[in-house]
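Once you've looked at the hints, dock chain B against the given chain A.
As a plain string of letters, each chain reads:
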Amino acid sequence: MEKKILRGRAWVFGDDVDTDLIYHNKYLAETDPKKMPQYSFEYYPGKENFAKEVKEGDFIVAGTNFGCGSSREHAVYCLKYAGIPVVLAESFSRIYYRNAINNGYPVLFVNGLSQAIKDGKIKDGDELEVDLEKGEIKDITNGNSFHGDAVADLEMDIMKAGGLIEYLKEKAAGK
Amino acid sequence: MGKTMIEKIIRRAAGREVKVGERVWCDIDLSTARDFGGANCVLQFEEVTDKKGKVWNPDKVAFTFDLQAPSHSEKVSNNQKIIREFAKKQGITKVFDVDWGIGQHVLLENGLVKPGDVILGTDSHMNLLGGVGAFATGVGNTDIVASWFEGTNWFRVPETMKITVTGKFKKGVCMRDLLTHIVGTLGADGMFFLATEFYGETIENSSLAERITLCSMVTEMSGKVGLIMPNGEVLDWLVGRAGNEVKERVKTLAADPDAVYVKELEFNVDDLEPMTSCPDAPDNVKKVREVAGEHVDQVHIGSCSNGRFEDITAAFEVLKAGGFKVAPGMRAIVTPATREVMLQCAKAGYIQKFLEAGVIFTNPTCALCTAEHYGALPSGDVGMSTTNRNFIGKVGKGSHTYLASPMTAMATAVRGKITDPRDILG
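Protein chains in written order, with the numbering used here: chain A, 519 to 693; chain B, 1099 to 1524.
With the rest of the complex left out, here is chain B:
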């Protein structure tokens, strides 16, 4: 009987044959924590080891500072300092401080992620790294601390779902719309505890940014990880960052043709329209044109789901088609995922154009996904964002959020009300 990707990945990490449903101990390739959760990990590790503990391998531990970067309060500043000092004491050099950007993206850009790697992080969207075939998963501080002892942790070998996507997106429609459609179709627990493998021409021809978008929202369907083995340009890019071993991993970890899936679904994107997750749940999905005209106070483009250069380019093109002007009274915020993306935007000349159009262009950060940093919404306000969650009050008590693609978000910023980007792009 053939094996799925996750079965092969866990077999590699466990060093033995594994069965679906079994609990196994895996070697961890990278154990990471953020400024959020990171200080909790450090304090817990120091407490349970009487400040005498050493992490199992300082080269396999990393910290990323992204949730509140740069820090906005003394408490957060102190938490970040706790991490810096711990890293120094432990000889951990992979500290990506407040100037780097969103953790998973920074790890990826820095060549620290390979297909088949088992990666832990205090971020429920770690699993977007499944976009390059890594088994990355979000965990709490205890899981991180436990992994620092001997570089292992336990996992249940999950069942796998297979999703095949065919067709080409029409102008104004993109991977985010497909994803929103999938979330709406499957629901908040539609991938409950499952791994999901994505296949089909639409996936094979997709960019890294698109794969990240797709895999980032597996969490919103309660999935464990979405997996795509790198091919084509994505493979070349990853080899350039993480080395030649990537190629070998892709060969050995791809699913067998006779692998067993618990569920197989097919989607075709030829006739897909721009989609949106309406307040207050990611799976409350409608076509953008069904809610067109609804008032929006603030638009945010960015996050680990849609903060790459291609995403910002898509938004830029809509702004350009809309005459480089956001609607009066609209607060439009664009946040690149990383410093590297920000530099790409600078080189492409986007930043000046954004600023002239009245867009706020921020440093790379996760901040706009919380109510505790800049961009929080006041009660009664309605936001539209390219982030991954619109739970009630998430970015401000009494506020509501629509989730949509960078194109729909920018079209909405240009018109001041929910707008199908095709109305602007023509």
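Bound-form chain A, shown alone:
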């Protein structure tokens, strides 16, 4: 995990963003994670151009239950390999959460995000500053700030190792 303070633009989504909206079942036969970003959010009404317009360092900001639905890990890869450094959501579905952690991909549970999105306190295109270590998020554009939950010990260890496979390899090697 990188320690620096990250800065980038927000792409804002609502509650219950399901895996078909993140990465549609039409492309499930893809087996190369690096080819997955081209399909991100293709089926999300109003965000169809995400894959074309997203820039490395941009953030995903969402409400509750992000990633509900399918077990497809494609929905993590398609954001990770698009260069999104972290997904910020009020909450994540359990499979999406596992898939992210298992890939060493940071996801932060951020209190109050769902309502803030509904109230327009954090909007598409806002400039954000994210301190991953402290779990602090500042919306530079409008001055609002948010706070993420601490990550549980095991999940933090898996993230630090770079993912579950790397974690198990280190464990097997007695590190």
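Please keep in mind that the hints were generated in silico from the structure rather than gathered at the bench. Please note: incorrect hints may appear among the correct ones.
Here chain B is said to cover these stretches of chain A; the calculated rule only asks that three of the stretch's residues, wherever they fall, bring their Cβ under 8 Å from a Cβ of chain B [unchecked claim]: (1) 532 to 539; (2) 603 to 610; (3) 613 to 627; (4) 680 to 688.
Yeah, the Cβ is synthetic: ideal placement off N, Cα and C, and Gly gets one too.
Just chain B now, kept in the frame of chain A:
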């Protein structure tokens, strides 16, 4: 302090006492992947082990080919081939190829699922196996690959919710309607990270098919697993398939009377009506009669939620009461969950009647839950289906889907518009 089912199941799998909220490493009883996700698992495993890795126990790994069965494209065919070749190389014999049907159901029919088993699969509806008391859970490819190393994986011990159901369904109303009602009541995150135990006379007297339906939609409420310990005919059936150990498991893994639940809910089904999840979310629930008359272009009966013989029988009875004829212009598709179910339908004489009535009767598959195989909907079309998700565009960009019971779906196919099955069954 007493323990819930999931606490006992995880204790067994971890080989030690566990506490709610704790992360624990569990032994995996069965690690499975489908044609979807399966090739990703194989390629990842080969990459991270330099093609030298051996799965920890070939007898505890299985593959099921169901999402796109039979394959509809060269890419999918190639993915399926990658799995077949890997299985051969690893000595994995439990490969249920494109002729078998929907994975969880096939595993269950083949005696590979016992109460208390910890089962992984690349299918978010693996947890329907909680219908026989197994802790089955959907995971991504990395979790599967990790489990192949040493046969373990990590879990958080979840809190448990208890749902008690009483009463008898009226004619035209069934377990799917109760489930839809529960999803509507609790919402898309109503079981967030929880295990849920189901009790009550309605559950105790329910069939395996009904228990599967009920547990299949726990995912749509963000739950971890729904659990019902087998009893009565379901227990007998499972012992017949998976052996006598089932009985011992039921005894040792049932929840203690003083187990602690985070939430307890009660439902009574005596006055329940046919229910439907309206576009575009499973928790957008209304009574069928509130949306009766709305136009529908295509009806699909099947899936891991409602594709068993009892489900198809319920649909058949509505078709029979409706004069064995679907509405002109209606595309009605029935998909059995497995080959075994398809054979039951054949023996019961259903298939000929379905075909004569204008119903398309397909091979067992998950295909109709995607936009990438047969049955995809064009933009602007409205479908009704017994599947478990109606997210916007799931089975075709710009299309919308109602979710309902097999009876409501067939009544809608017969009339060509959303129809309360009681209007046909009388």
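Hints, verified against the model:
| no. | hint | verdict |
| --- | --- | --- |
| 1 | 532 to 539 | holds (count 5) |
| 2 | 603 to 610 | violated (count 1) |
| 3 | 613 to 627 | holds (count 5) |
| 4 | 680 to 688 | holds (count 5) |
Hint 2 alone, counting from the list given before, is not met by this structure.
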